[in-house]
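Undergrad: Here the protein sequences come in this chain order: A and B. First residue of the first sequence: 1, per the UniProt record's numbering; consecutive thereafter. First residue of the second sequence: 1, per the UniProt record's numbering; consecutive thereafter.
Careful, some of the hints might be misleading.
[Said to hold, decoys possible] To spell it out: a stretch of chain B is covered by chain A in this simulated footprint if at least three of its residues, at any positions, have a beta carbon under 8 Å from a beta carbon of chain A; those stretches are:
1) 195-205
2) 334-342
3) 392-398
4) 415-425
5) 430-438
6) 441-450
[Stated by the list, open to error] From the derived model, a few chain A residues whose C-beta atoms are all more than 10 Å from chain B:
7) Thr28
8) Glu47
9) Glu164
10) Pro253
11) Glu266
12) Met271
No lab work stands behind these hints: they were computed from the structure. Given the structure is predicted, the values throughout are model-derived calculations rather than measurements. Every residue, glycine too, gets a C-beta built ideally from N, C-alpha and C.
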Amino acid sequence: MSEAYIVGAGQSPFGSFPDETYRSLFDTAFDRTLESVDGELDTADIEEAFIGTLGVGGRQIGLSGPAVTEHLGLHGIPTTRVENACASSGYSLRSAVAAVKSGMADLVLAGGYEVMTDTSSDHTKWWLGVSGETEWERLSGTTFAGVYAQMASAHMDEYGTTKEDLSRVAVKNHGNGAQNPDAHLGFECSLEDAVNAPDVADPLNLYHCCPTTDGASAVLVASEDVAFDLTDDPIRVAGVGAASGRVGLFQRPSLTSIPATKEAAEQAYEMAGVGPEGLDFAEVHDCFAIAELLAYEDLGFCEPGEAGTLLREGRTDPDGELPVNTSGGLKSKGHPIGATGTGQVVEAFKQLRGKASVQTDDPVRGLTHNVGGSGGGVTVHVFERTSEVEP
Amino acid sequence: MSSRGIAAAGVYVPRGRVTAEDVREAWGAFQGRGIDAKAVPAGDEDAVTMAVAAAGRALENSAMSPNAVDAVAFATTTPPVAEEQLAPRVVQALGLSSETRTWHHGQSTAAGADALETALNAEGTVLAVVADAPVGDPAGSDHAFGAGAAAFLVDDDAAVTFAGVGSATDESPGVRFREAAEEEVASLDITGYERAAIRETTRDAIADLGLDADRIDAASLHQPNGSMPYRIAGEGVVSNGAVAEGTVVDRIGDAGAATAAIGLVAALETGGDESVLAAFYGSGGGAVAFAFEGRLDGDEAATLDDGERVSYVESLRKRGIVVDGDVAGGGANVSLPTWRRTLDSRYALTAGRCPACGALSFPGEGACDDCHERVEFERAPLSSVGTVAARTVIGHGGAPPEFVELQQRDGAYGAALVRLDARDGDGSVLMPAQLTDCDHESVAVGDAVRRTVRRIYEQEGVVRYGAKFTPTE
Chain A
1 MSEAYIVGAG QSPFGSFPDE TYRSLFDTAF DRTLESVDGE LDTADIEEAF IGTLGVGGRQ
61 IGLSGPAVTE HLGLHGIPTT RVENACASSG YSLRSAVAAV KSGMADLVLA GGYEVMTDTS
121 SDHTKWWLGV SGETEWERLS GTTFAGVYAQ MASAHMDEYG TTKEDLSRVA VKNHGNGAQN
181 PDAHLGFECS LEDAVNAPDV ADPLNLYHCC PTTDGASAVL VASEDVAFDL TDDPIRVAGV
241 GAASGRVGLF QRPSLTSIPA TKEAAEQAYE MAGVGPEGLD FAEVHDCFAI AELLAYEDLG
301 FCEPGEAGTL LREGRTDPDG ELPVNTSGGL KSKGHPIGAT GTGQVVEAFK QLRGKASVQT
361 DDPVRGLTHN VGGSGGGVTV HVFERTSEVE P
Chain B
1 MSSRGIAAAG VYVPRGRVTA EDVREAWGAF QGRGIDAKAV PAGDEDAVTM AVAAAGRALE
61 NSAMSPNAVD AVAFATTTPP VAEEQLAPRV VQALGLSSET RTWHHGQSTA AGADALETAL
121 NAEGTVLAVV ADAPVGDPAG SDHAFGAGAA AFLVDDDAAV TFAGVGSATD ESPGVRFREA
181 AEEEVASLDI TGYERAAIRE TTRDAIADLG LDADRIDAAS LHQPNGSMPY RIAGEGVVSN
241 GAVAEGTVVD RIGDAGAATA AIGLVAALET GGDESVLAAF YGSGGGAVAF AFEGRLDGDE
301 AATLDDGERV SYVESLRKRG IVVDGDVAGG GANVSLPTWR RTLDSRYALT AGRCPACGAL
361 SFPGEGACDD CHERVEFERA PLSSVGTVAA RTVIGHGGAP PEFVELQQRD GAYGAALVRL
421 DARDGDGSVL MPAQLTDCDH ESVAVGDAVR RTVRRIYEQE GVVRYGAKFT PTE
């Protein structure tokens with residue numbers, strides 16, 4: 001199977017943009033993606049597109065992929081809308097990589113978008129719950145904050161994880177996001193602020209929950225021939241992993257772990273030929289503070305129950321041994337559902353090109369981790385700098 | 001002679017209590033003579049959920065299998081919908097047979113008598129259930145209105161035997177009525193006329209029964225307030241001591257058609273060697289009186305004194321008097337037919353057992369959660385008492401829109417994953433469910449909780465009922 005490379009990646013600013021539409025946001029993300037490509041790229045060479053969106057608000061439920069690619073003038077190319085909730089564009093990247101690796105296409109666009117802040121608060125709430133298990137989970141009165149809060153309650157009960165541990169996720173990620181010009185909530189917060197914020201779904205408070213965000217992101221995936229034509233420094237997609245799990249938390253064997261993350265990580269590490277110790281940074285899915293802690297454990301950064309310690313010891317800070325969410329993560333950078341997965345890849349691309357707002361020290365390899373819902377669908381990708389690994 | 005009568009009874013009174021003092025403080029007066037406190041139903045309670053709770057207790061007290069019930073006679077003046085049978089909901093929630101015959105009674109506070117008489121005159125094992133939660137003008141008639149339910153398991157060879165019925169009819173409108181399509185129960189407040197109508201017609205029904213006053217040990221008389229039963233009993237009709245045994249309105253308020261029925265349970269639990277009298281008055285002008293002999297074991301009346309004090313403002317919120325329940329439409333939806341498919345799991349708490357690997361899956365549909373084989377599950381009943389495996393409290397702003405009204409009424413609510421063991425002891429499953437009737441913040445992982453049937457939410461005018469959990473302690 002041939003290799004797949006990232007030759008360009010870009011995102012719109014993430015935030016609340018009532019004057020933008022999903023098309024105009026995707027337009028910006030696409031422009032920035034093109035700008036990030038070193039060589040001359042003819043957009044007519046883009047052969048296919050995979051676009052992730054949940055479709056929040058019902059603004060374009062059907063054909064929501066072609067609705068943006070045709071708008072961009074990527075006329076006539078096959079476009080597939082990918083929907084796996086918050087992991088939609090993690091999966092659109094996976095599809096693009098598969099198209100390139102199979103030899104069906106040499107240059108494929110993967111991306112995603114979501115507009116979440118321009119509807120009434122009632123309407124927004126209806127849409128927040130749509131990716132949970134509807135018949136039982138939602139009708140027990142929970143949206144995702146509630147389900148992740150339940151996981152937090154179980155983790156606290158089993159491992160003694162504390163509210164301070166949860167709050168440190170916010171402190172770290174806001175510290176990083178404050179330096180990211182594209183972040184939605186680009187301000188710092190203190191541990192005291194985070195601990196004392198008002199409750200949303202006990203034990204999770206406002207600082208333990210990511211915002212709802214408008215935004216778009218895109219990535220260009222190329223075959224070896226095309227990639228090295230466009231740049232001397234393409235980023236290799238070294239590992240690809242994905243897995244599904246029961247949509248409802250109550251149907252899964254663990255309340256303190258996301259089995260699909262473990263499975264996806266195992267696949268990605270095996271393909272990349274490295275383990276977590278081979279990573280220089282990671283962008284993990286921190287939709288809620290507990291999710292980042294679970295990610296540490298499920299991705300093998302530490303043993304089960306040790307995530308709080310890892311964070312407390314600063315080992316995932318920008319100057320730690322494995323910086324996590326240098327972009328600010330979903331917490332600070334924002335979480336425009338369909339745009340989040342490829343948005344994480346934008347940060348990985350920047351890190352490996354030395355152009356990140358919180359730049360880690362000469363990284364070679366990084367990981368992105370994108371979770372749909374409370375763990376019904378997960379992608380894990382490992383990216384590698386070619387200029388260093390394949391001189 | 002057959003000893004048909006009441007084999008067992010159950011009482012349910014909502015947990016909330018507001019005191020007459022608190023109402024008086026809010027309004028400067030309290031229009032509920034002889035009432036010290038009244039029961040306040042939670043936002044997820046109505047006549048159906050209270051009926052299920054009372055009937056469940058009656059079944060429990062009888063130690064009878066739900067399958068033994070042949071019919072249900074259901075009575076309420078406050079049905080959650082104006083037209084539609086409600087007894088099928090009660091039948092399903094209690095896990096009774098699909099062959100169960102149902103009857104519905106309403107229209108006045110004598111509806112409970114109608115249900116009881118239907119059950120006594122029928123054949124086989126019949127549950128007579130009466131539940132009510134009237135509302136009125138907050139400035140006046142509503143002061144007295146409480147809530148509650150009573151259920152009677154009527155059977156042959158019963159502990160309490162039915163010894164006769166008397167009745168009287170005398171047109172006297174305007175005493176207590178609810179106009180078509182109105183929610184509030186009203187009265188013309190012509191005090192002398194109303195008192196006389198109630199007193200005389202009820203006395204006539206008691207006279208028709210032909211019991212000597214000194215043969216009545218305990219009596220539950222029509223009791224919209226604390227003084228009316230004594231007015232009826234006066235002039236030697238029934239002794240004050242007997243009336244006191246069957247008067248409950250002082251502790252739960254005027255629970256409509258249910259008050260005299262709850263009073264009857266209290267009277268039957270304290271009755272002596274002679275007769276127990278129950279006299280129901282229905283405004284419009286009808287009264288029915290029953291005589292019973294015997295005594296019920298049990299302490300259902302003790303639940304009348306339980307409860308959790310709520311403020312007057314909380315009581316208005318809980319009962320929806322100051323809450324607008326409109327919900328905007330949107331994304332997540334469970335269609336009514338889909339909901340109906342899950343009723344067995346929701347009410348009876350059943351999972352599926354995989355015939356391939358023996359593991360349990362909840363709900364018992366699709367592939368096995370454990371071995372992932374596509375199988376035809378065997379129905380596996382679950383215990384109705386479980387343990388909290390994970391929990392949260394959904395605060396203001398965190399609720400999905402269909403639960404916003406509930407939150408406005410009852411405040412922040414707990415949502416838990418409850419671990420339920422199979423009744424045969426082999427394996428367990430997790431069920432997502434709301435908590436109710438508790439201090440939600442204090443419920444912790446590991447706490448024991450018990451199932452209760454409540455309103456989950458209402459969509460397109462149709463109420464959906466299902467299981468919620470409440471701490472056993």
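Undergrad: For every hint, state whether the structure bears it out.
TA: Each hint tested on the structure:
1. 195-205: Our answer is that it is violated, as 0 residues pass the Cβ test (under 8 Å) against chain A, missing three.
2. 334-342: holds (count 4)
3. 392-398: holds (count 6)
4. 415-425: Satisfied; 3 residues make the cut.
5. 430-438: Coverage by chain A holds here, the residue count being 5 at a Cβ distance below 8 Å.
6. 441-450: holds (count 4)
7. Thr28: holds, 26 Å
8. Glu47: Glu47(A) is indeed farther than 10 Å from all Cβ atoms of chain B, at 34 Å.
9. Glu164: holds, 19 Å
10. Pro253: Label violated. Min Cβ-Cβ 8 Å, cutoff 10 Å.
11. Glu266: Non-interface label on Glu266(A) holds, nearest chain B Cβ at 18 Å vs cutoff 10 Å.
12. Met271: At about 24 Å from chain B, Met271(A) clears the 10 Å cut-off, so the statement holds.
Hint check: violations occur at hints 1, 10; the rest are consistent with the structure.
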